[in-house]
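J.: Letter by letter, the chains look like this.
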Amino acid sequence: AQSVTQPDIHITVSEGASLELRCNYSYGATPYLFWYVQSPGQGLQLLLKYFSGDTLVQGIKGFEAEFKRSQSSFNLRKPSVHWSDAAEYFCAATTSGTYKYIFGTGTRLKVLA
Amino acid sequence: EAGVAQSPRYKIIEKRQSVAFWCNPISGHATLYWYQQILGQGPKLLIQFQNNGVVDDSQLPKDRFSAERLKGVDSTLKIQPAKLEDSAVYLCASSLVQTGEQFFGPGTRLTVL
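Taken in order, these protein sequences are the chains called A and B.
All the letters of the first sequence, read from the start, carry residue numbers 93 to 205 under our numbering.
All the letters of the second sequence, read from the start, carry residue numbers 275 to 387 under our numbering.
Please keep in mind that the hints were generated in silico from the structure rather than gathered at the bench.
All of these numbers come straight from a predicted model, not from anything done at the bench.
Every residue, glycine too, gets a C-beta built ideally from N, C-alpha and C.
Be aware that one or more of the hints could be misleading.
To be verified - Simulated DEER-style distance windows between Cβ atoms:
| # | chain 1 | residue 1 | chain 2 | residue 2 | range |
| --- | --- | --- | --- | --- | --- |
| 1 | A | Leu-204 | B | Asn-326 | 46 to 54 Å |
| 2 | A | Ser-172 | B | Gln-354 | 46 to 54 Å |
| 3 | B | Arg-338 | A | Gln-163 | 36 to 44 Å |
| 4 | A | Gly-133 | B | Leu-370 | 24 to 32 Å |
| 5 | B | Gln-324 | A | Arg-169 | 27 to 35 Å |
| 6 | A | Ser-176 | B | Asn-326 | 38 to 46 Å |
| 7 | A | Ala-93 | B | Gly-314 | 15 to 23 Å |
Whole structure, please, built from the sequences with the hints as guidance.
T.: Put into structure tokens, the structure is as follows:
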């Protein structure tokens, strides 16, 4: 069955430290991949997406993600975290065949001052 | 550009009562999604419309949930009768194309007592 897995439920980093949030997918073919961020009481906002081509994708707010086919992963990174990055982050995937989006369970990021 | 609008933002009802949520997508977006997000989980797709046709409703509990998108624009999601386990945030999203970026509304937080 198709699935998206985010192994880390909670992550705590200090402000200014680097960040990596993990995402693994299980699909028959390479899906389209997305990272969304959700602040408390808000809807989700797209950070970046991967459809094909360059495996390193740049997004908004200084985030980037790297697609690794061999590891079925699409990890989100940021070199220096800001306090305002504290939120919940969701990885999602879909395919052109089903058009059905599957979201991971999310990683809640806490930033220490 | 106006975003995805949802109403109400909050709703408290007792079990076995009925409730309806409304969503107005971004103008021109053909694809509309309803998600259920239970606390601590990622969004789960309930139903996906392409214009006014249903693309996927495999995870919609059809004995109590119904949704429509008349004229291919705004949409309503109804629960009748509600159960305690329906307490969640109901998110509406829209996209220009089926595999494109989804734009989310702020959600409706439903509490069933």
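J.: Of the hints stated earlier, which fail here?
T.: As far as the earlier hints go, not one is violated by this structure.
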